[in-house]
Every structure is written in C-alpha cells, then in structure tokens.
Amino acid sequence: MGKRIKKTGETLQEIRWNLQLKVSEFYESVISSQYAYRCERGSQALGRSRLELILKRWSILEDEFLFIKNNYEKADLEKVIDNFMNIYSIQDVNKIESLILDLQSKSGHNYEFFQLLYKLLKSYINFNVSRDLSLLKHELRPIWVRLAKRERWTYCELVLISNMLCIFEASELKTMIKRLSKEFSRYKEFKNGNRLELKMWWNYCTVLRLSNRVIETKYFLEKIIQIAVCLGDALMICEAQFRLAEIRWMENSNEDKQLHNKVKEILITLNMVGHNKIAKKFANEWKRVTNYFIKINI
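Read in the UniProt record's numbering, the sequence shown has 34 at position 34, and its numbers run on one by one without any break.
These are computed hints drawn from the structure, not numbers from a lab. A portion of the hints provided could be inaccurate.
Stated by the list, open to error - Here are the simulated lysine to any residue pairs, SDA-like style, with alpha carbons at most 25 Å apart: (1) 137 - 206; (2) 106 - 133; (3) 122 - 91; (4) 223 - 211; (5) 223 - 86; (6) 188 - 229; (7) 178 - 216.
Unchecked claim - Just the calculated beta-carbon pair ranges, DEER-fashion: (8) 265 - 174: 27 to 35 Å; (9) 110 - 82: 17 to 25 Å; (10) 134 - 100: 19 to 27 Å; (11) 251 - 146: 33 to 41 Å.
Think of the CB as a built atom: it goes at the ideal place given N, C-alpha and C, for glycine as much as any other residue.
Start from the sequences, fold in the hints, and give me the full structure.
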C-alpha cells in the first residue's frame, strides 16, 4: 500500500510552514485568511486560477507542487513513462520484461495507457523471439485502432504511437510521419519530446533491420543523427553512424579502406565515452559483415 497523496490545502500548508510564513502573508491578496484556513483543513476547495497565483508568487512550479503533494515522489504514470524511455531499444528484453512486471503490479489502476503499453511491450517480446514482422503488425494493430481517430494525441498516446511505426505500409508512412512531425513540434518543449522522437526512429530502424530490410533504414538513420547531435547523445550518434557504414558497405564494398577508417573512429569514440562493450560488439559485427577485424584497445 503506497503513501497517501496529500490534499491541495494540506500541501499548501506544508509549503507555507517551510517558508515560515503566516497565513495572511502566504495568501495575501489571493484569498482571505478565513478562506485559507478552510482550504488547509480540507473543508474548502481552491480554484485552479487561485492556486496558480499562489504558486507563481512563491516561485513553485506546478510539477514541483504535484511532486510535493505526492510525498516527494513521482506519480506512477510518470515513473512508468521514465522507465519506458530508459529502454534503449526493442532488443533490451530484460528492461522490457521488468516494465511488464511493474505494469502487472499496477493492474488495479484503471489507466488505459498502462493497458495499451502492456500490450505494446508484450508484442516486442514476441517479436524478439519470432522476428515475424507480420505478427508484430497484427499484435499492434488493435492499439492503433484505439488511437487512430483522435484529432490530437496526448503525450502518453504519442509515446505509444511513436513506437508503432512498423504497422504502417510504405504508402501510409509518409502521411503518418507528417502528422507525427506536427505532434512532436507541439510537444517539443514538454518533458522528453525530442528524445521520444529519437526513440521512435531508432526502434523503427531496429524493426526494419531485424526484418532484413536494412537498406530502408538509411533515411531514418540520418534523421537520428540530426536529432542526436542536437541532444548531445554521443552513443546514439555512434550507433547510427555504424549502421550507416554497414549500409554503405552493402551498397559499395569498394569503399573498404574509407569505411574501415570510419568504423575505427566510431569504435574509438565509443571506447572513450565508456561504452566499451558496445565498441567490442560492433567490432565483431563489422568483422562478420566485412571479414575485416578492427583492433582497438578496449
């Protein structure tokens, strides 16, 4: 059983005590002292506009207020989204299974997002076993049907849809990307908007690559690099550059010396930023693709 979420008035009283202010000082010109006492006791409701005035006066963010109200913890919904964003790719099976277990423990919550995310994650697990893209599309389609008719998507809905690009055929994808671009521009300054877009393209490329459609990922990998540069995400830049090098090898292996040098630079960078295991993994993958092993000190 989790801690009780505090009431609005109770939380305001805690903030006031921390500021060591009298009721008249804390609520001055917003509500009367009598009104304030009733709010703090929970016998009187406080309108949103008045709450915003109080928070603004004392330089308290709305998110911070909710955090304090929730006993200095993130709400369950926010924790789940954070855990999902920490799943690096659809191949990160251990983290996916851990989040599935967490969602199962929250089955008492009547959140549509939790139910749909659970189905999305289960479909990822199945795809990692089967590598069957048609099965993945079949399992994700009901989620899309549920969300397709929305005029605008909420942030939580965008989290789901951005990880389902694989269900769209090539003829549909251009229209879908155009719509998603509008949604991402709307949420650009909200929480992890840019990182969510990066995650969307990376997971889509992973699905295509595991479905033996590697060449199709070229355009999206270039987009990933653009976003990752803006975010300063060295790991994602290196990962995308490595996958592009693989494609260039498939398209024209005559560039061998140039590509070997490029991949060596990528491996050295990964090593320098502390991703030694990924550097070793890529060195082995490059040998498998090109029959050329790049030796660096890992």
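Structure-based check of all given hints:
For a cut-off of 25 Å, the pair hint linking residue 137 to residue 206 stands: about 14 Å separates their Cα positions. Proximity of residue 106 to residue 133 is assessed by CA-CA distance (about 29 Å); at most 25 Å being required, the pair is judged violated. Between residue 122 and residue 91, the direct Cα distance comes to roughly 12 Å. Compliance with the 25 Å bound is thereby established for this hinted pair. Taking the CA atoms of residue 223 and residue 211, the gap is near 20 Å; set against the 25 Å cutoff, the hint holds.
Note on residue 223 and residue 86: the hinted pairing holds, with a Cα-Cα distance of about 20 Å set against a maximum of 25 Å. As the CA atoms of residue 188 and residue 229 are separated by approximately 16 Å, the hinted pair is consistent with the 25 Å bound. Among the hinted pairs, residue 178 with residue 216 is consistent with the structure: their alpha-carbon atoms are about 18 Å apart, no more than 25 Å. Between residue 265 and residue 174, the C-beta spacing of about 34 Å keeps the proposed range 27 to 35 Å intact.
Separated by about 21 Å at the C-beta atoms, residue 110 and residue 82 satisfy the suggested range of 17 to 25 Å. Distance hint for residue 134 and residue 100: a CB-CB separation of about 23 Å, consistent with the stated range 19 to 27 Å. Evaluation of the 33 to 41 Å hint for residue 251 and residue 146 yields a pass: the beta carbon distance comes to about 39 Å.
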